[in-house]
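Below are the chains, spelled out letter by letter.
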Amino acid sequence: MNPSVTIPNPFRSAIVADPWHWDVVDVPEIHQEAFELCRRALEHVRSQHRSTSVLLYGEAGSGKTHLLARLQSYLAGLPTGPGAAPPAVFISVRLQTSPQMIWRHLRNRFGEDLLRPAADGRSQLERILLPRLGLIRPEIGEPREWLERLRSQARSSQEAVEEMEDAIETLDQHVQFNDRDLMVVLSHLMLGRYRRDARAWLRGESLPERSLSQLGVSTDQDGEPEDRARKLVLSLTRLTGSEIPLVFCFDQVEALQSHPQDLAGLYKFGQMIGFLRDETNNSLLISCILSTFLATLNQAIISSDRDRLAVFGERSLLSLTPNEVKRLVEARLNASVQLKALRPANESRFWPLREAEIDEALKMKKDTPRALLSFCAEKFEAIWRPELFEAKPPVSDFLAQNIEERLERSAATASTDQSDQIVTHGLPLLLRLVDPRWELKATVRLRDADLVFESPQSRISLCLCNHRNMTSLAGHLRRLREQVREQVLEESTREKFILLRDDRLPIGAHAKKTREHREQLLAQGFHWLSASAEMIAALDALRGLLSDAKAGDLSNGGESVSPTTVRDWLKANLDAKLRPLRELLDVILPDATALTDQDDGAEDFDLCEDIGELLHNHYLVSVADAACKLDREESLIENCVRRHPERFGLLNGPPAIMFQLTLQSVDGDGGQENLAREVE
Amino acid sequence: MVIKALEQTAHPVTVKQLRDQLTGPYKLPEERLSQVLKEQVSAGRIHRFAAIGRSKQPRYWPRDLEEYACEIIVNILAQRPHTESELLRKLRSKLGGFSDQQQKNLLARLMRERQIRRLPPFIGGRTVRFAAQPPDPRDYIKDAFAKIGKKLGLSVEEVLIAARTLPLSQVKISNDDLTEKLLARMVQIKLAAAQGGLVPLNELWRSLENEGWDKTSFDRTVLSLAENYRVSLQRHNFPASLSEVERAELVTDELGNYYVGIALR
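Just so you know, the sequences run in chain order H and R. Using this note's numbering, the letters of the first sequence map in sequence onto residues 1 to 680. Using this note's numbering, the letters of the second sequence map in sequence onto residues 1 to 265.
Quick caveat, the hints were computed from the structure, so don't treat them as lab data. On a predicted model such as this, the values are computed, not experimentally measured, just so you know. Just so you know, not all the hints are guaranteed correct.
[To be verified] Pairs of lysine-lysine, DSBU-like flavour, derived with a Cα cap of 30 angstroms:
id	chain 1	residue 1	chain 2	residue 2
1	H	Lys365	R	Lys190
2	H	Lys363	R	Lys181
3	H	Lys365	H	Lys392
4	R	Lys16	R	Lys38
5	R	Lys90	H	Lys363
6	R	Lys215	H	Lys365
7	H	Lys513	H	Lys392
8	R	Lys181	H	Lys365
9	R	Lys4	R	Lys147
10	H	Lys365	H	Lys340
11	R	Lys181	R	Lys90
12	H	Lys392	H	Lys326
13	R	Lys38	R	Lys147
Build out the structure end to end from the sequences listed, making use of the hints.
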């Protein structure tokens with residue numbers, strides 16, 4: 001095959017989207033000062049046993065995330081003895097979240113990264129805990145052998161479990177977790193028991209009572225969830241002790257704003273940084289923002305928190321010098337083995353580009369890594385395979401393509417555990433898109449409402465009901481009932497009260513109290529919104545696109561696409577490209593006349609949830625079997641399944657089979673369509 | 001013919017004023033002429049201006065409101081420098097229906113197009129003035145001499161005689177001085193600038209403007225420092241999201257980039 005067609009363009013993939021992905025070419029001289037600042041700050045934490053912070057800023061495409069990835073790779077590459085603790089623990093936090101859930105988001109990311117396996121296959125958590133246990137309990141001998149022994153015995157022997165629990169308790173005496181549940185879960189994670197649930201618990205995900213009981217942790221989730229998350233984060237920071245720094249990297253801080261005047265998220269971020277700086281003694285807090293965002297940040301954060309954001313220093317990521325430009329181009333070219341093999345002798349080091357083209361890039365001020373690489377990528381295509389060269393697409397085509405990719409990705413990855421996060425972050429963005437007068441307000445009237453939106457004409461109070469734990473959900477609904485009793489609900493055209501639950505989470509037949517409270521709330525004027533997987537995925541795609549645009553990470557051929565452009569495009573294409581969001585709005589907006597599940601009646605809801613629960617456990621069930629299991633008539637079940645094609649699939653019989661919908665695709669027009677909805 | 005007559009007027013005119021300029025068959029009755037003008041406005045060929053002063057009559061002109069406002073501002077400033085409030089007061093008296101925000105945006109545009117400029121305040125003063133011409137150092141010297149005289153209890157003539165005895169080399173300011181002053185001011189504004197922290201360019205400009213810098217020298221000094229890789233400039237990625245006034249405070253280059261911040265290398 002012609003090599004000109006098969007050789008990948010060495011200048012493509014200019015964006016490092018995740019600091020954990022370090023598979024790109026690096027030129028260490030670029031942003032060396034900023035990197036050194038982070039490294040010195042890390043040494044400071046290690047030697048002084050005091051938390052500190054660094055603020056980095058740069059233009060879009062200046063390489064902020066690349067720098068974090070370099071730091072992550074540097075930490076991973078630092079030499080440690082066999083079985084020794086890691087030199088530092090890296091935690092990457094992309095702030096695509098809402099102010100209401102900022103601590104829960106941090107807990108989630110912290111938990112996720114602690115459980116992330118290192119190069120040797122062991123998680124960061126295990127690499128921290130094992131050497132510590134070895135130190136405080138020298139009698140266990142070689143820690144890895146000890147752990148292996150306990151793991152193999154734990155399946156059959158309670159003694160092994162108790163030995164691990166004793167060890168964790170000893171650790172607690174040294175570090176003071178102040179959290180029994182955390183100690184229990186750490187024991188499970190070390191022994192590899194109830195792995196799925198223990199990991200979910202550490203990440204702060206909602207678990208059913210059955211799982212909580214099995215883990216042996218408290219099933220009562222009393223107290224404010226943000227407060228609980230904050231306390232757990234604090235306990236987790238004590239895991240490593242003062243010798244091993246925790247490196248928290250906060251990226252896409254801009255995504256905390258739902259609109260340019262919204263300072264609430266940034267204020268909370270400032271508070272969070274201040275808290276971590278003051279209450280821990282082993283944290284390095286690195287925050288990355290766009291240079292243009294600096295003024296907004298200074299305005300939103302109180303001055304004492306602003307000082308805590310850059311205690312060790314702040315640094316601008318500088319534009320590239322001519323020497324750095326040439327080094328970067330050369331490094332990219334040299335990294336392509338196929339290209340190197342084809343290079344004729346005595347050719348310029350920039351072959352197949354010419355030095356004059358690099359000078360042209362400098363003259364045109366393509367002096368950020370992203371702008372330079374995009375420029376070179378185009379030149380490369382034009383020289384290497386001119387017959388296939390295509391200029392960058394118009395912004396509208398680029399956005400259409402981009403949203404389709406995001407929809408596909410979100411449909412595959414946006415799990416029910418993320419639904420709260422997606423809704424609280426995405427819904428304010430969606431409402432502002434359709435009418436910029438919608439404002440997110442404090443929850444005053446209904447203390448248990450999660451989101452309250454107000455416009456000059458109307459108000460929406462939204463309560464998230466995505467609990468897996470039915471006791472918690474029943475408690476949540478009960479409190480709402482009590483709060484509603486004290487008030488008179490206004491007309492639904494002016495104010496709407498909505499209970500939202502991801503429809504992938506059926507409320508089982510055993511959850512009688514939950515169903516009863518729900519019925520009562522509906523009778524008092526609440527609306528039930530079963531959010532489909534398509535709605536959640538579309539909302540996730542929307543918030544991701546807008547967040548990337550705000551942080552300058554949305555690039556079309558090296559040029560950042562502005563949030564205004566994205567908003568305008570989304571507004572114009574909501575119906576065509578994000579149809580599920582239009583359906584979501586139809587239900588949520590107070591003047592909407594669309595049917596909600598409330599109108600279907602309680603019986604239909606219960607049946608729907610029963611079928612949902614059945615399919616959740618068995619995936620594929622004949623209508624006849626379902627009728628038997630649920631003690632209902634076959635025709636009733638079949639009709640219910642037909643009425644809810646967004647939730648269930650049906651294979652016409654005989655015998656008629658219903659199944660759980662999982663496969664999705666994006667059709668040519670951008671609307672989502674279930675591949676297997678009903679097979680004739 | 002009506003439009004031709006309007007084009008010859010130096011400013012918008014009422015129906016009556018226009019009729020006075022017409023002759024022969026074109027001197028239509030006022031009502032008919034008014035009707036013709038309204039039709040031309042509807043067709044977009046001429047523009048209707050709000051009445052000013054005691055007259056209740058609308059005025060007409062082939063050029064639009066903003067163009068007229070430009071002409072007024074440039075004419076006023078061609079006579080002598082004015083403070084912003086003086087200028088806007090005069091503009092309001094000649095022009096109705098032009099909001100404060102429009103006026104400010106227009107000032108920013110004219111500054112960007114270099115049709116007018118912002119003059120630095122007098123020594124020890126704060127009031128900024130606008131002018132069509134570059135600042136005349138003699139105005140500043142005269143003002144400074146008057147202030148020195150007042151402080152020392154001397155007449156302006158006595159201060160002038162003392163100034164003439166100074167050797168010229170003592171008052172010479174080089175480009176190097178500007179550069180060094182700008183770099184030093186960065187660190188004064190933000191201590192972290194010495195370690196690579198970013199200094200907002202609008203803040204730096206405002207600080208130096210109070211000391212008599214003009215925007216052209218400021219922009220030139222900043223861009224020249226960047227070209228020599230002594231500083232790094234940070235672009236605004238979405239300058240279209242800024243107002244005219246905000247953009248006027250930034251540094252712009254020949255490629256149309258707007259720079260928001262400056263950091264030492």
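For each hint, the structure was consulted:
| no. | hint | result |
| --- | --- | --- |
| 1 | Lys365/H to Lys190/R | holds, 27 angstroms |
| 2 | Lys363/H to Lys181/R | holds, 28 angstroms |
| 3 | Lys365/H to Lys392/H | holds, 19 angstroms |
| 4 | Lys16/R to Lys38/R | holds, 14 angstroms |
| 5 | Lys90/R to Lys363/H | violated, 45 angstroms |
| 6 | Lys215/R to Lys365/H | holds, 22 angstroms |
| 7 | Lys513/H to Lys392/H | violated, 57 angstroms |
| 8 | Lys181/R to Lys365/H | holds, 26 angstroms |
| 9 | Lys4/R to Lys147/R | violated, 53 angstroms |
| 10 | Lys365/H to Lys340/H | holds, 28 angstroms |
| 11 | Lys181/R to Lys90/R | violated, 37 angstroms |
| 12 | Lys392/H to Lys326/H | holds, 24 angstroms |
| 13 | Lys38/R to Lys147/R | violated, 57 angstroms |
In summary, the structure is inconsistent with hints 5, 7, 9, 11, 13 from the numbered list given earlier, while agreeing with the others.
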